[in-house]
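Dock chains B and C against chain A, hints included.
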Amino acid sequence: MALVDPDRLFPVETGLRGLTRALYESVADLPIISPHGHCDPQWFAENKRFPNPAELFVIPDHYVFRMLVSQGVPLTDLGVPRVDGGPTETDPRLIWKRFAEHYYLLRGTPSAMWLNHSFEHVFGLDVPLSAETADMYYDHIDAKLAQDDFRPRALFDRFKIEALATTEGALDDLKWHRQIRESGWQGRVITTYRPDAVVDPEFEGFADNVAELGAITGEDTATWDGYLNAHRARRAYFKEFGATASDHGHATARTEDLSAADANALFQKALKGTCTADEADAFRGHMLTEMARMSLEDGLTLQIHPGARRNHSAPVFAAHGRDKGFDIPGRTDYVGALRPLLDAVGMERDLTVILFTLDETTYGRELAPMAGAYPALRLGPPWWFFDSYEGIRKFREATTETCGFYNTAGFNDDTRAFCSIPARHDVARRSDCAYLATLVATGRLREDEAFEVAQDLTYRLAKEAYRL
Amino acid sequence: MALVDPDRLFPVETGLRGLTRALYESVADLPIISPHGHCDPQWFAENKRFPNPAELFVIPDHYVFRMLVSQGVPLTDLGVPRVDGGPTETDPRLIWKRFAEHYYLLRGTPSAMWLNHSFEHVFGLDVPLSAETADMYYDHIDAKLAQDDFRPRALFDRFKIEALATTEGALDDLKWHRQIRESGWQGRVITTYRPDAVVDPEFEGFADNVAELGAITGEDTATWDGYLNAHRARRAYFKEFGATASDHGHATARTEDLSAADANALFQKALKGTCTADEADAFRGHMLTEMARMSLEDGLTLQIHPGARRNHSAPVFAAHGRDKGFDIPGRTDYVGALRPLLDAVGMERDLTVILFTLDETTYGRELAPMAGAYPALRLGPPWWFFDSYEGIRKFREATTETCGFYNTAGFNDDTRAFCSIPARHDVARRSDCAYLATLVATGRLREDEAFEVAQDLTYRLAKEAYRL
Amino acid sequence: MALVDPDRLFPVETGLRGLTRALYESVADLPIISPHGHCDPQWFAENKRFPNPAELFVIPDHYVFRMLVSQGVPLTDLGVPRVDGGPTETDPRLIWKRFAEHYYLLRGTPSAMWLNHSFEHVFGLDVPLSAETADMYYDHIDAKLAQDDFRPRALFDRFKIEALATTEGALDDLKWHRQIRESGWQGRVITTYRPDAVVDPEFEGFADNVAELGAITGEDTATWDGYLNAHRARRAYFKEFGATASDHGHATARTEDLSAADANALFQKALKGTCTADEADAFRGHMLTEMARMSLEDGLTLQIHPGARRNHSAPVFAAHGRDKGFDIPGRTDYVGALRPLLDAVGMERDLTVILFTLDETTYGRELAPMAGAYPALRLGPPWWFFDSYEGIRKFREATTETCGFYNTAGFNDDTRAFCSIPARHDVARRSDCAYLATLVATGRLREDEAFEVAQDLTYRLAKEAYRL
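Protein chains in written order, with the working numbering: chain A, 112 to 579; chain B, 112 to 579; chain C, 112 to 579.
If you're looking for bench data, these hints aren't it; they were derived computationally from the structure.
Same chains, same names: a pair is fine if it fits in one copy or spans any two.
Listed below are the simulated BS3-like cross-link pairs for lysine-lysine, each with C-alpha atoms no more than 30 Å apart in a straight line:
1. Lys-208 / Lys-574
2. Lys-505 / Lys-435
3. Lys-350 / Lys-574
4. Lys-574 / Lys-286
5. Lys-271 / Lys-505
Next up, chain A with everything else stripped away, as it sits in the complex:
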């Protein structure tokens, strides 16, 4: 018995299913381009074994453990660390069993499909995970993890990853990336410039962070020009370790294009910690435009990931910190918010700004009309909660008619769950092929076009958008 249906996510009508399968087979074995994600570069630098099934699949994956929490399982029962260092479950087998008992909660979710895909295709399991099979699963996976061909670099090769981007803060020394490079290993693991800590006046320790940015770069970051130059220097440093993009995760998509004097005035306030909430937001928004201008200089692609209301639960944040499944999307405006940036650099052909959203209502109403007009804009793939069959279907149905395929940026997985990477790209390939086959079967695309677009969506557009 197979855990995953070989024809999963294909349309059910026979003819349509056949065409979808043909399209899928033409792209199924293409290498994986993973231009945005949160894998830990330390894995590939050290190439140690993954410790155990619970630490591989449960404890770090907030997609997974939040679902158990939502049904009353305490975070500490699942080994999620506490901010105060207080007790949390440490027995990985016990955590795994709790996970297995509640695995049915994930029915119908992409997490279930990714996990089943990993269980079968990475670990060779073929019975469903449940309370009954929990121990067998644990023993089986744990034994595999002890093998050399289940170490990070071996899996990287087995997953056919052509390029994998991680994400590091602007102050990171990139030592793991350095170690990867110096190791002589040929896997292409690159970094991404994520400067939130030094562009967001509300980030903890903002002034100290900016001072550290100065110390690292030798620039006087107490001045506006020195601060901008320090960014240029760090971007150049990140480029040495392969970076082809920066990334920005603001609560809104607000941009500003202030005069140097106004920007500096906000910057000085930010350093003193006297910004109002609105001024902090304006400063963040202005820095997006500065980053876009630097992108025109150094060629980094600019990614904007707005709209998450982070750490929605105050008690959970106090007890367990950030990234614990309590980030909730909110309504996001792009039309007014991006106008300052677009008036400044939106018509530049040599700039690539990739927009993401957690608000599906903006696909057809705002994002596709803008991406279908401004040369600098591309649409990122469905993100986070929408990285799924339905998410991809709705994205294509809502954007293609207005901005076509060529203003989208291929797929990226945005994950810290390493084993889910092939599964996620597989879901995207299947979902895109299902969409393309439907267009062909309903006379909206010729068959030869569909095969070409399938290649583009799977491989070429991501390479182009991220300049890989």
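The following block gives chains B and C in isolation, referenced to the frame of chain A:
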């Protein structure tokens, strides 16, 4: 000729249709759990015959008569009562004929499907309703209504209703519920605690209502503590008549968690009628949190039904009063609005808060992410305009991937149209089975899981969420 | 080889496709009712040949050239005129070749389907447009355009257009419409009253425009009464040239119903140019209610087209002016915005107000509930970016269950691309028939009803809503 297709709402592809039918057949005959609605308990207390077809199907059902109004039929031509007691049509046969002549306006709506289902399955009719068949229909239905087996209790049994909740205001004496209990009839008709009139400072006669609440309970409701205790007393009284839930129909989902001093200050203003609109809104929002805390004490499930802009037409409200088809949904925010309540009690495993919405954009963006994290939250079924095939399809497609099936609360019909209850539950069962079959056929769910989930969605989840 | 699939946009399942085809064949040859659009009446007045393929298909069509611009082709390379009269490409063959080279960018868009339809059905081409076929296409189309049977009036007849509405400003002398009438040609080309320049205080030259309105009509437009009478006079003048509707393209759907004194006070401020932005918005909103009242007098249907953020790119607007593909939809509220107008005239059976939207989230949440209650309201077809297969599907799925078919207003093409008219109506007919067939196959509509509704959606509802 049948009025309703035995395979209605099933997917058309043969294999998929077969699996849907199999799933449907496994749940089609399960008892009906109707944990939220607006049937009149007097029907079951007195068990008199329903007066005539027009009063059964047209006059009280704003789903139906608003469609005729929208095409120019005056409300008074349909017998809708006037606030001033002025003339309105009183001949039920004439009202019925007007309804029949315009019945084509309902094509493609769930009302048409519910009505056709009732006509065929409850009354045994098998030709379409039209101007030509109006009299025949009237005579046929009227004759049936005269039979004992068409009285409310007989239909209740015939519909296989295991539990039916009505909704009563906090000041209601529940005399009909008492009469039902004292009658010895075994039908489980229970009440629901709906305290709008005594928690909304803008409700007509708020101060008088609060005073009456004091008189009924023996509490000094001029004080904050007395007021809260009076709620506790009424909730206990409602529980005596079977209540397992409270219900709250605010214009927004705003919650607050004020200090006792601040809450009391607003309460005193509210009693004096000096609240600003924003203060009234804050008080309502705070009372949701108080109700949630009381739910932790007494176990009542808390239902929040926000987002209707009631009585949108001033002239219609002036002429005919509330619930006349002129309630229009509006954009609703949940992410910021629910945060105070969730910070207070959202992580409680012993609390159930069921969220409803009239804004479908919130399913995937806000509601599913929150329900997929907070233990206290469950999502109510598609409500009102979205209690339909498309509504259910969109709900499942937008929520399942993020919060799964087990953070939803089964189906409820929310109706005052008694004969539509089996039809509405049937539509929900068919729509859910169509969705489940699609998941199976596309490799997103195993077949054995689908049969189990079908049981859960039809029966178990509603019983659990409402503690029935 | 055909460019367009004869079964395009039909569902793929065999039985469903057969029923869709049968429905489509019953309406495919009905005359075209085009009650709202932007064709140039000069074409039909003069009946000159269309100059060349580039000026027919590329230069004036912002749906098309914006897609090339979004991928880095400068507007001037496509011959789009500059505001400063500076250089822009003038060689139509070169523009056509650039268009052909980039034609693949339109894959999956309705523009591609409309263009392919025109290429095959109007010009008899049967190979795809590409860089290779660009010259052949150019020569072929250009030769056809030189033939008498490709002149505007001949195409009008060939397209089987029963009535075509153009749109003219309130100050337009309608000389082309006069010339058409005096020519003796029998084609029904009518005008539409579009008073933006004289109702929007923020329109360039508002005060001068109002003065000119006075000069044209002989009314003293410095007074409120004279201003309203001047509108009445112009509306009567437009009716002489066939107008059956007015049209209003505001940024929001805001309406107001001010006292005459308050309206006049705003009007005097507007004439002096001293309105705040909010006052200008209030004045525009009040004028919608005034227009609705005049509609009750003279029978013109009122169209509201809100929600476009026009000229989103300041640099493009400065270089090339308006209507250059940089109009971006925004979130639009209807529930609160329309209430003043609806309280004033919403229950009138003799008024028709047609609502359009660029915000699909409002279909089910706001527009369908309102249209399903107010006698004066009808919903216009999916507009602009949503004039497409997916747009029509989502519109029907989101509105039918709540307001049925009979509160919608049929299809209109809203285009200035003449050759696309038959293609657009064909897409609408196919999409509606696919929807109707799906309802029949899933037991939501009887087959005889579907054939009747197909006629209504294609022909009757547009004629009724626009009183044609």
